[in-house]
Structures are given as C-alpha cells and as structure tokens.
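Based on the sequences and whatever the hints tell you, model everything.
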Amino acid sequence: MPVPPEQGMKKELKRQQYLDLYYYMRLNRAVEDMMVKLFRQNKIVGGLYSSLGQEAISVGTAYALEKKDWLAPMIRNIGALLVKGVRPRDIFMQHMAKYDSPTKGKDGTSHFGDLDDLHIVSPISMLGDLIPVMTGVAMAGRYLGQKIVTMTWIGDGGSSTGVFHEGLNFAATQKAPFVLILENNLWAYSTPVRKQVPLENLADRAKAYGIDSYIVDGNDVVAVYSVAKEAVDRARAGEGPILIEAKSFRRMGHAQHDPAEYVPKEMRAYWEARDPIALYERFLSSEKLLDAKSKKEVEEKIDSLLAAEREFAENSPMPPPELAETGVYCTGDDCHKIRAKWERPIAEVTPPRSSVKAVWTVPGFGSGKASDGANAPIHFGDTHASQHRVGNDTKSANGGKPAAKMAAKAAPKKTVKTAGASRKARR
Amino acid sequence: MPKANGAGPNGSASDGTQVTFLEAIKQAMFEEMERDPAVILMGEDVGVYGGAFKTSEGLLERFGWERVIDTPISESAIIGAACGMSYCGLRPICEMQFIDFIVCAFNQITNFVAKGHYLWNAPAPMVIRGPSGGGVHGGPFHSANPEMYFVHTPGVKVIYPSTPYDAKGLLKAAVRDNNPVLFFEHKFLYRRIKGEVPAGDYTVPIGKAVVRREGKHLTIISYAAMMHASLEAAEALAKEGIEAEVIDLRTLLPLDEETILNSVKKTNKCLVVHEDTRTGGIAGEIAAILFEKAFHDLDGPLVRVTSLDTPVPYAPTLEEHFLPNAKKVFSAAKELARY
Ligand SMILES: Cc1ncc(C[n+]2csc(CCOP(=O)(O)OP(=O)(O)O)c2C)c(N)n1
Ligand SMILES: [Mg+2]
Chain Y
1 MPVPPEQGMK
11 KELKRQQYLD
21 LYYYMRLNRA
31 VEDMMVKLFR
41 QNKIVGGLYS
51 SLGQEAISVG
61 TAYALEKKDW
71 LAPMIRNIGA
81 LLVKGVRPRD
91 IFMQHMAKYD
101 SPTKGKDGTS
111 HFGDLDDLHI
121 VSPISMLGDL
131 IPVMTGVAMA
141 GRYLGQKIVT
151 MTWIGDGGSS
161 TGVFHEGLNF
171 AATQKAPFVL
181 ILENNLWAYS
191 TPVRKQVPLE
201 NLADRAKAYG
211 IDSYIVDGND
221 VVAVYSVAKE
231 AVDRARAGEG
241 PILIEAKSFR
251 RMGHAQHDPA
261 EYVPKEMRAY
271 WEARDPIALY
281 ERFLSSEKLL
291 DAKSKKEVEE
301 KIDSLLAAER
311 EFAENSPMPP
321 PELAETGVYC
331 TGDDCHKIRA
341 KWERPIAEVT
351 PPRSSVKAVW
361 TVPGFGSGKA
371 SDGANAPIHF
381 GDTHASQHRV
391 GNDTKSANGG
401 KPAAKMAAKA
411 APKKTVKTAG
421 ASRKARR
Chain S
1001 MPKANGAGPN
1011 GSASDGTQVT
1021 FLEAIKQAMF
1031 EEMERDPAVI
1041 LMGEDVGVYG
1051 GAFKTSEGLL
1061 ERFGWERVID
1071 TPISESAIIG
1081 AACGMSYCGL
1091 RPICEMQFID
1101 FIVCAFNQIT
1111 NFVAKGHYLW
1121 NAPAPMVIRG
1131 PSGGGVHGGP
1141 FHSANPEMYF
1151 VHTPGVKVIY
1161 PSTPYDAKGL
1171 LKAAVRDNNP
1181 VLFFEHKFLY
1191 RRIKGEVPAG
1201 DYTVPIGKAV
1211 VRREGKHLTI
1221 ISYAAMMHAS
1231 LEAAEALAKE
1241 GIEAEVIDLR
1251 TLLPLDEETI
1261 LNSVKKTNKC
1271 LVVHEDTRTG
1281 GIAGEIAAIL
1291 FEKAFHDLDG
1301 PLVRVTSLDT
1311 PVPYAPTLEE
1321 HFLPNAKKVF
1331 SAAKELARY
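Here the protein sequences come in this chain order: Y and S.
With the working numbering, the residue at position 30 of the first sequence is 30, and numbering never jumps.
In the working numbering, each residue carries its 1-based index in the second sequence increased by 1000.
To be clear, the hints were calculated from the coordinates, so they are not data collected in a lab.
Just so you know, these numbers come straight off a predicted model, no measurement behind them.
Please note: incorrect hints may appear among the correct ones.
SDA-like mimics (lysine to any residue), calculated; alpha carbons at most 20 Å apart, straight line [to be verified]: (1) Lys369(Y) x Lys1172(S); (2) Lys1208(S) x Ala30(Y); (3) Lys369(Y) x Tyr1049(S); (4) Lys357(Y) x Val1048(S); (5) Lys357(Y) x Trp1065(S); (6) Lys106(Y) x Ser125(Y); (7) Lys104(Y) x Asn1111(S); (8) Lys1172(S) x Thr331(Y); (9) Lys357(Y) x Asn1111(S); (10) Lys357(Y) x Lys1208(S); (11) Lys207(Y) x Asn1111(S); (12) Lys369(Y) x Gly1064(S); (13) Lys369(Y) x Lys1208(S); (14) Lys106(Y) x Asn1111(S); (15) Lys341(Y) x Pro1072(S); (16) Lys106(Y) x Asn1121(S).
Shown next as structure tokens:
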C-alpha cells in the first residue's frame, strides 16, 4: 500500500494563511457533517458524497488560486468551493434540490458553477470531462491576455478515462496554464487503486505527456498548499500544465449508501490516525498559532454561520413544476450577453498583425508548406481531375531529405527534451 | 444532379457570384473571423494544411496560430476545450475531420455541452462542423449521417444545408448563435454544387425551412444532398402532370413545424426523403407531427424514401442500392399521388 511518509509540517506561510487553511478545513468538515444530518432526516434528495479525511487536498489546492483564476470541482471538493467563495447555503440547497439553489433544483451536489463572478465551471457526473474543458478555459484566458490559471481534480479511478488522457495530452501540446490535482484516495467506489492503474505513483501518468508533476502527502495541508502554489505559479508563468498527485484515503464509503465493508479495518484505522485536521491542529498549537480559545472561536463562528445557512436553505421552497420546461436554450442577448473580456490589444490577434506564413518549420530542416486546394483528395473514387502542380515552390515537409535521415537527426533533440526526471517529487 | 435551385432563400437571384458549396463555407468562416476576434477555429489539420477538404485554406495565414489551432487527434478534447473557451466569451468553431468522428465526442456534446444552459445557466456558443454524407464511396466510416443522434439531444441545434447560399448564411448564423450548433456539410455537395452568394454580409435564420418549389399535389420534404434528388424528381413528376411542393428543412433542430404543416394542409400528401437510415430518421418525427396536428388533412400515408437500415457499404453497386436517389423518389411520389 503506497503510503506517504509522516512528515513534519514546515513553517513558511504567513500567520493569516495558516489560520485561513484551518478555518476552511473546519468549515469543509462542518458543512459535510451537517449534510449527513440532513441526509439522515431525508432532506437530501439524492446521494451524498463525503470528503472526510481529504479536506486538506480541496482546501490546500484551491487556496493557491487567485480570485481571477478558474476552478471546477469534483464530488469531493466542497472545500475548494468554500475557499473560492461559495456560500454553504448554496451547497445545502443544491443537495436539497431547492428553488433558490444555484441550479434552481435542476441539478444537485456540487454540480453548479458561476461564470461571471467566482469563475467556477460546473462538473458533470462523467469523470474526466472537466479536463479538456478546463484546458479550454486556460487557453481562452491566455488568448484574452487574462493571465489566469485553471484547476480541476480527478480521482485515481477517474484517471483511467479516455478523456483524462485526451485532455491532458491536449493541454500539454498547448502548454495550457492548467493544474490538475489527482486525488489518489486508494479506492474508486469498491475497486482498489491497483486494479485501476498499474502504477505505484499516479503522478507517473504525467511522463506520458512530457509534463511536470508532483507527489504530495494529501493529509498535510501545508505541504499541499505549498506544492499547489508552486504549480500554480509555474503554470501562470507558462510552464503548464502540471499534475499533482495527492495521496490520501477515502474514509467513508463511495457515498452514504455504501458501508464500504470491502475496505480492510486496519487500513481505515491507519488513516483515521492521520486525520488531516487533527494533524494540523497539533502543528498549529506546537507553533503557537492556535490555542484552546482561538479554536473555540473558530468553532463558534462556524456553528453560527452554518445554523443560519441551514435555516435559509430549509426555508427555500421546492421549484415550481413548470420550471422543468424552461432554459434548454439561450434565447439571445436578453438571456445572456456573451462578451469576451479582453486584457490585451485586439490588434494582436487580428490582421494584419495576426497574419503568418502557414508553414511548419522543422528544426534543422527548414520549412514546408501545404499543398494547395487543387490537390486535395476530396472525392473518394471520384473521377474529379486533380492536377498536380509542378513547381519549385512545392516542397515536402522534411525539405526533401530522406525520412531515415530525418528521424536520425530529429531523435536526439527529442530525447534531450523528455529524458531525465522532470518530475519533482516532494516528500 | 441538378444545380442548386437558385441562390436566395426562395430561389431569388442576387448580385453575388457563383461559388461552390465548399467555398461558401470557407467564406463564412473567413468573414466571421474577420468580424469578431472571439471566433477561433480548432481541429485536426485545419491550420498549415488547410483542412482535409481544404475548407479552412488560408485561414491560418490570415488569422495566425492563436486563432487557427491544429489539434491532436482527440475529438473529446477538441469539443471539451471549445466548451471551456465558450465559457470565456469566445466563439470557437470545431472541425471534425469527417463527421463520422463526432461520435468519439458524443459524451462531451450530449452531456457537457448540451446540458449546461438548462442546468446551470451557462451558454456555450460554439459550432461543431464537418463533412458528412455518402455517395462518394467513402465506405462505412467516412459517409455517416449522424444528425439524428443529436436531434434527440435538447440543448443543441442541428443544421444541414443544401445550397451554397444557405451554407454560408447558416454557418454565419451558427457562429453568432448563443447555443452550441452542429453544422453538417454534405461532402457530395462540396464541389459539385455551385450557387450564388451575395457580396455583402447576410445570415440565414436557424430553424426556418424553405419551400424550394411550389406545388399542389403532394409535399416532398428533404434536406442536404437529397434535396437535389428531390428537386430532380419533382421536375420529372411535373412532366407527368404531378406538381410536387418541395421543402428544404435546412435546420433539423429546432424543426420548422409551421412550414411543414402549411404545405401538407395544402397538398394533403407527404413524402419525406432523407439519406439518413430509415429507423429513427427525421421522417418518423415528421410523421408524428402530422398525425398530431394534421390528421384530418392527410389523404394518403406518409411515405418515406430513405437509406437502408444498414451501415453505408463501400462498393459502388452496394452504395447505390443503399442510398435514395431521384428515381426512387420519383416512383414513390408517383405511387403516393395516386391516393
Ligand atoms: C465515466 C464515468 N463512469 C462511471 C462513473 C460512476 N462513478 C462515479 S464515482 C466512481 C468512482 C470514482 O473513483 P475515483 O475517480 O477514484 O474518485 P473517488 O470517488 O475516489 O473520489 C464511479 C465509478 C462516472 N461517474 N463516470
Ligand atoms: Mg478514488
């Protein structure tokens, strides 16, 4: 069983940052505890997922983002939503299918977003789909000159979907400012990670795309934040995308209905003893950042906040039935004004400044241009007469050099780029 | 195969020039990218090469690497990334090298792109376009008409034009629409069909069918390449004294019920022609609409002329048997006219 070694938390943040991380982890847990109560009272319409024991990952990673940055949560990332500014009432109402919820009862759980203000993209249930979407947000942000970073999460199981690979590969070819957090909690529903992925470290997935990756103890919030901050900074500087594997454990069943008896007792006990909040409290008090009094203040603040949020949520009505008929299409400018927020001169991306020579340049071999339209093999089996233009300007992509020679020349260059351990393992 | 029936939406002449179907699509993309820097193009081999069918030739040259993006062979990634871009106010156009490959991104389209506005009020203005259809011996994986998978998907719009005028005007409308739009380009028409397009900017409204030929004895409803087979059949029918009204659907979702109903209430008979396979094709949907809303106006059965319920076969003899054509439309219509 791959277990990250115990490590002493490092003191390198500002006091307020330590306290923020603590507050959000406690809030994350308290919101979920309250939802378990609501679930037992039959007030939650659908399923309820838990991130118990993984709070340090959601909170530590999202805390590394700036306000202008974009994120998209998965089911166990309530903590990331809270850090980004989502109100607990919205999370309660989503689960309770209330009319005042962000989706007005049309969807549940963390399936909601906010394009204009908080910059949150709603997930869908299909695992992995957010990876190309957040790649696209990252590409658009770069195109518009916004200097943003995008972030999403994926599970150990979700990293086996096709779209994970398509998305990360595309992000890599585009050098998109995108950070992907791979939450390895050792289980995907009832299936252990070794049956999902034949790798000791899921961060090794990154090698296939020639991108950098980190491994971090997902129960150490300071380590998670530090790694995420470095990754976010590097992605913003144009070194993205970056993959972070956070190693942790899913303490509850897949969802409320699942008692998870397939998980060995000893394994659960091991991880319960490494509770991320308890570990962090020990660290904070040893560093004199938290005492009994300030801890109590945090608890009281959260208790009174959540009591009010819960009351608001419970008082919200169910959506009127006819609402089901509305909103399939955007009906135009009255519905949404779609405007790109340019933060660079538009002249840079419009002719004449955008105009280029449409050629591929192969290092060491010069350029080749496309054949023109007359040569397009359009009609299969059609007698369409395509004339082959013969002229000096028709060059093949490798400048006429034999393929073997080209491969021999190109190969060393490629190995230089991908060889060596580009992955930085932080332990 | 006749030329497109005039240039304008009703066959009216315009002062533009004759261009191929393919050229019309290229012009639409060029002009939209010129008009709005939020419009970008993404797809496999769309940049330096100019697209497998050369529909994007010259775009990279003019608009540069940031706006004309050669992607890996990853349809889900292309559609997914376009969706993310659309959330930031861009209006991406995604090319599927052949529309057959659109199903590789089926989940991204039907679950992510299509549901966003309904569920969380997130518009996704984007166009997914690509060469579709048979008749060019492309075989079972390069001849698809997958429109009905998506006509069954609330949240997207589906366009399938038959003339250069409509192709250009509808593609421009698709780029400007705030919803995800699927735009099917029948590759048989790419270079075979020429028509006039006006010199200036224009759009063709999404969701509006057009009467290509007026008639009183029966209504033939079709779209895309089969539009031309239907018009050819209508000419032949006229020589036998049967005046067929021919409707070009142009948009399949949303479907223009009004134009369909107005025509059938006049002619009292309806024939639907589509190159898509028979079961689950749009003809079934039209039949349901007529039963619901024009039951008492019908003087005969609804007749379908469609492809067979098989994959598209490769050999010319097989493909010809598989596809509808003007002759098949002619005999079916003659039969229907007898009622
Ligand atoms: C593409 C896809 N297939 C199946 C499912 C059903 N499903 C939901 S969560 C889950 C397990 C996910 O495991 P993992 O990715 O490790 O995330 P975790 O639950 O451990 O956070 C499965 C199989 C899904 N949501 N999406
Ligand atoms: Mg897991």
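These are the hints, each one checked on the structure:
no. : hint                   : in the structure
1   : Lys369(Y) x Lys1172(S) : violated (29 Å)
2   : Lys1208(S) x Ala30(Y)  : violated (54 Å)
3   : Lys369(Y) x Tyr1049(S) : holds (8 Å)
4   : Lys357(Y) x Val1048(S) : holds (9 Å)
5   : Lys357(Y) x Trp1065(S) : holds (10 Å)
6   : Lys106(Y) x Ser125(Y)  : holds (14 Å)
7   : Lys104(Y) x Asn1111(S) : holds (19 Å)
8   : Lys1172(S) x Thr331(Y) : holds (17 Å)
9   : Lys357(Y) x Asn1111(S) : violated (38 Å)
10  : Lys357(Y) x Lys1208(S) : violated (40 Å)
11  : Lys207(Y) x Asn1111(S) : violated (30 Å)
12  : Lys369(Y) x Gly1064(S) : holds (15 Å)
13  : Lys369(Y) x Lys1208(S) : violated (41 Å)
14  : Lys106(Y) x Asn1111(S) : holds (14 Å)
15  : Lys341(Y) x Pro1072(S) : violated (27 Å)
16  : Lys106(Y) x Asn1121(S) : holds (10 Å)
Violated hints, in rising order: 1, 2, 9, 10, 11, 13, 15; the structure is consistent with all others.
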